[in-house]
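Novice: Sequence:
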Amino acid sequence: MLDAIGNRVFEQVNLLNQLNQEVSGSIEIVDPDDETVLDTSFDVPSTESDGESNIVAYADVWTTTGEYQVDLELADTVIAGTSRLNQQFSITSTEEELVAISIGTSDENEPIALRVGESFSDLGQTNETG
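The numbering of the sequence shown is UniProt numbering, which starts it at 1 and goes up by one.
Honestly, the hints are just simulated from the structure, not real lab data.
Now the in silico label distances, taken between C-beta atoms and shown as ranges:
#1 T64 with Q21: 31 to 41 Å
#2 T47 with E110: 11 to 21 Å
#3 E73 with V116: 17 to 27 Å
#4 T94 with S49: 25 to 35 Å
#5 E48 with S93: 33 to 43 Å
#6 E35 with E108: 32 to 42 Å
#7 Q88 with D50: 31 to 41 Å
#8 N20 with G81: 14 to 24 Å
Just so it is clear, CB atoms sit at the ideal spot from N, CA and C, and this is done for glycine as well.
The whole structure should be built from the sequences, with the hints applied where relevant.
Specialist: Below, the structure written as structure tokens:
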């Protein structure tokens with residue numbers, strides 16, 4: 001899944017569109033202290049867009065280590081019966097770790113997938129265990 005973006009520099013939170021159509025929606029992330037650290041709408045180009053990256057990335061999201069909560073909702077797009085992701089995840093290193101949220105994965109059981117890792121290769125390995 002992530003092979004096409006191998007040389008891309010990730011930020012702390014990364015939305016990856018694996019579909020052949022643009023996706024839009026909203027994302028909110030709440031930190032361990034119950035503070036909203038990201039609350040925005042997004043438009044992510046398709047995998048087939050002319051020269052545009054199919055990734056939208058956000059920097060400076062992590063405030064502290066601990067459990068974060070993400071709530072992502074797609075507008076006008078349903079993938080395998082799903083249009084939202086509501087999930088907790090743990091950040092153990094605010095300097096090193098990043099999150100990739102893949103929209104339109106090939107896994108029907110997880111059409112919107114969240115992965116945490118310290119590098120591109122971590123995200124790829126984690127994804128392939130499904």
